[in-house]
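If you read the protein sequences in the order shown, they are chains A and U. Residue 494 in numbering that gives the first Met the number 0 sits at position 495 of the first sequence; the count goes up by one each step and never skips. Residue 135 in numbering that gives the first Met the number 0 sits at position 136 of the second sequence; the count goes up by one each step and never skips.
One thing to keep in mind: the hints can contain errors.
[Unchecked claim] Reference excerpt, derived from the structure (chain U facing chain A, CB under 7 Å, subset only):
{"id": "1", "residue": "Lys1"}
{"id": "2", "residue": "Arg3"}
{"id": "3", "residue": "Val5"}
{"id": "4", "residue": "Gly36"}
{"id": "5", "residue": "Leu50"}
{"id": "6", "residue": "Ile56"}
{"id": "7", "residue": "Ile149"}
[Stated by the list, open to error] In silico contact screen, one side only, chain A against chain U (beta carbon under 8 Å); selected entries:
{"id": "8", "residue": "Thr10"}
{"id": "9", "residue": "Val194"}
{"id": "10", "residue": "Phe198"}
{"id": "11", "residue": "Ala230"}
{"id": "12", "residue": "Asn250"}
{"id": "13", "residue": "Glu552"}
{"id": "14", "residue": "Gly558"}
[Stated by the list, open to error] Some chain A residues flagged as far from chain U (calculated, every beta-carbon gap over 12 Å):
{"id": "15", "residue": "Pro294"}
{"id": "16", "residue": "Pro529"}
{"id": "17", "residue": "Trp603"}
{"id": "18", "residue": "Ile605"}
By construction, these hints were calculated from the structure, which means they are not laboratory data. Glycine is no exception: its CB is placed at the ideal position from the N, C-alpha and C atoms.
What follows is the residue order along each chain.
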Amino acid sequence: MTNDNKPAQPTDLMFGDDELERRLAQTWRTPAGVWGALTTVDHKIIGRRYIVTAFVFLALGGLLALAMRLQLAQPEARFIGPDRYNQIFTMHGSNMMFLFAVPVMEAMAVYLVPLMVGTRNIAFPRLNAFSYWIYLAGGLLLWISFALDTAPDVGWFAYVPLSGPQYGAGKRADLWAQMITFTEVAALAVAVEIVVTVFKQRAPGMSLDRIPLFVWSMLVTAFLVIMAMPAIMLASSTLILDRLVGTHFYNPTEGGDALLWQHLFWFFGHPEVYIIFLPAVGMVSTIIATFSRRPVFGYLPLVMALIATGLLAFGLWVHHMFVVGLPKLGESFFTASSMAIAIPAGIQIFCWLATLWGGQPVLKTPMLFVLGFIVTFVIGGLTGVMVASVPFDTQVHDTYFVVAHFHYVLVGGAVFPLLGAIYYWFPKISGRMMSETLGRWAFALIFAGFNLTFFPMHILGLEGMPRRIYTYQPEMPWAGMNMFVSFSALILSLGFLVFFVDVIRSTRSGQIAGENPWGASTLEWATSSPPPCFNFRRIPVVGARDPLWSQPEELTVAGGLRTDRRELIVSSVVEAQPEASESSPRNSIWPLLAALATTVMLIWSIFSPWAVIWGSIPIGITLTGWFWPKQTPEDES
Amino acid sequence: MKERVVLDVSRLPPHGMGRASPTWWGTCAFMLIEGSGFALAIAVYFYLMSLAPHWPIDAPAPGLVPGTTLTAILLASVVPNILLSRWARQRDLRKVRIGLIVMSVFGAVPLILRGFEFAVLNIRWDDNAYGSIIWTMLGLHTTHIVTDLIDTLVLTGLMFSKHADNPRRFGDVEDNAMYWNFVVVAWIPLYACIYWVPRL
Chain A
0 MTNDNKPAQP TDLMFGDDEL ERRLAQTWRT PAGVWGALTT VDHKIIGRRY IVTAFVFLAL
60 GGLLALAMRL QLAQPEARFI GPDRYNQIFT MHGSNMMFLF AVPVMEAMAV YLVPLMVGTR
120 NIAFPRLNAF SYWIYLAGGL LLWISFALDT APDVGWFAYV PLSGPQYGAG KRADLWAQMI
180 TFTEVAALAV AVEIVVTVFK QRAPGMSLDR IPLFVWSMLV TAFLVIMAMP AIMLASSTLI
240 LDRLVGTHFY NPTEGGDALL WQHLFWFFGH PEVYIIFLPA VGMVSTIIAT FSRRPVFGYL
300 PLVMALIATG LLAFGLWVHH MFVVGLPKLG ESFFTASSMA IAIPAGIQIF CWLATLWGGQ
360 PVLKTPMLFV LGFIVTFVIG GLTGVMVASV PFDTQVHDTY FVVAHFHYVL VGGAVFPLLG
420 AIYYWFPKIS GRMMSETLGR WAFALIFAGF NLTFFPMHIL GLEGMPRRIY TYQPEMPWAG
480 MNMFVSFSAL ILSLGFLVFF VDVIRSTRSG QIAGENPWGA STLEWATSSP PPCFNFRRIP
540 VVGARDPLWS QPEELTVAGG LRTDRRELIV SSVVEAQPEA SESSPRNSIW PLLAALATTV
600 MLIWSIFSPW AVIWGSIPIG ITLTGWFWPK QTPEDES
Chain U
0 MKERVVLDVS RLPPHGMGRA SPTWWGTCAF MLIEGSGFAL AIAVYFYLMS LAPHWPIDAP
60 APGLVPGTTL TAILLASVVP NILLSRWARQ RDLRKVRIGL IVMSVFGAVP LILRGFEFAV
120 LNIRWDDNAY GSIIWTMLGL HTTHIVTDLI DTLVLTGLMF SKHADNPRRF GDVEDNAMYW
180 NFVVVAWIPL YACIYWVPRL
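Model the full structure from these sequences, guided by the hints.
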């Protein structure tokens, strides 16, 4: 069956701009109301939801951090008891890593990647909807358990035997392990969508060497998710099996091994750092190019550095285990590989500096956050080189030095670029500008507050203060510094408060942004702000790496896509030559139903192994409903 | 921004087949995820083995008959599976229907044998870590057979329905066939680990 023996279908070549937009909106729109909200598969609506939810979890995790700082501000404080404190630091870490950092980066990609590659929706949009619901369910599971005083209390990496059946009584560790399953299923789904969107849905002409750097970074990140997350799913599943049906994976008296947990966890856990950091790198490259008003210096080395970081990420995990007594040769290897990762990181830093050097930098808020990132991340990188050395690491292991180091890397390396990215892309997402004044205040408070909070922790660590203690004695020399840190944390929180106020205020009454307020070069700026439900009136045809700079006056586009069904261009992997005008699925309630069925099965399986069998039946039914053809024009071929 | 049409895509096929299909790539990505899972399970197997003073731990090696028969059947199933994939590419509905019925049988029979496999492992999952990992490996692979069998049964139903005569369905059949090949290939190293490594 081809088009030839059918009556002519309406295509975008037949209509003027206004009529075309009306018809496309008819085909692609999400109806208003609750039903529309529950059934939508629009990547922009789901991406926005994902971002907002992740920031809500950021705020909640921040409140937990403040509670800890209140407790630690003075010795022998009685604000929080030891059991609640264990839950709080476990919640803070798990929440920030699994419910904020990874999801928010993927969420940015869910919103931006389809726009940046010039297509109309993400690949597998229903899977995308499913992913969000599963993520939300996992987050609710963790926070509801906290509200019921039964939150996990075993640390965010849940080491056995503490989390095993012998010491981890009750269901707390199971709730942690199953929250992992929820968030990893959600993350893996988005990773698959990103890989396929980037490989197959790029605008005609966007060959591999014309892909925007943020998209490259998300592609490498998606592969990291695909290769690394199965390790944590295997780890958390075997932990639940040990706890529920009496397997012995982590029981040394029956041939199991506690270190096996650490290997599996960190085989995921170290790539996880790069799953969070690489998207930030992509954001930085994008923002620096735009505000230096020139193409980024060293596109190829930057792409190579992304890929090299992604590969090296899998050879580093043992550096989290230097004090468990591994063979010396192994430790030396992992010291070397840990230091080797400084090479691609250095290449990136120098490419960015060269871009700034050769351009005319404009110091808008996104750029301030990027400069803050460079300073903070370099400090975090320096302490990283320090703890990569086994003798040094042995001294500071499990102290506040490590707490300081990873906050510098994660907050400096990922949250600063992310906040810059929010200021940068907010006009596209909402159609309105954020306030420059409030933005500068937010940056100043966050940058100063962050450094004042976390830099002293290096010293506390060198003075021997262990992490994860709920209080300390007055004889210890830590009280003054802790009080200082706690006050600084208030400055940091104030900065975030200003940021949130700015977001809410600007959503309502920010200055109207227009298509391309920053004069940027990538395709998401070639459509209106916020973009219409169909993203682009006609699919762009790309002839350069920075399409909007090489042709600022007009957009070259492809014509001939149908308007009576959701249709987009599928193109070849390397050259992005058009191959088909493929359909894209319509809105559907089935992803939500499938997510509900999956949620029931996963939570039930904490309590009974039979849940895996009986709970799978509704999942099978909902998936069949999801994929069963509905005789829509999208099913034609 | 002003638009200039420089490319006409109205003659493109309305559905991508094979590597022009996003579903094909999505299936590959899921195989990569699950392949990583299998590889890690095998790594855990050898890790535990490296710690144990003797392997298997406190149990005779598993009985060979059901597992080897199942392996032979899985390998044999590749032939009709490849034929089915070819018929789907040729969009020969009659042969595809026959092929799907054959592959449903090839999906169901291993499940029966799998029951016997668990019975001759000679160890329970809660006896020791060796028992835990081989039950997990076998269980993990069984979920893949079940998943693909259900997928095949649903597809068979579809191909006997009014929705059948559509290139999109034939693409689904090809992707499902590819996934079955993955289920077979993934089994080979698991089979070697479960049945032959304890006999080394």
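Flag every earlier hint the structure violates by its number, smallest first.
No numbers; nothing is violated.
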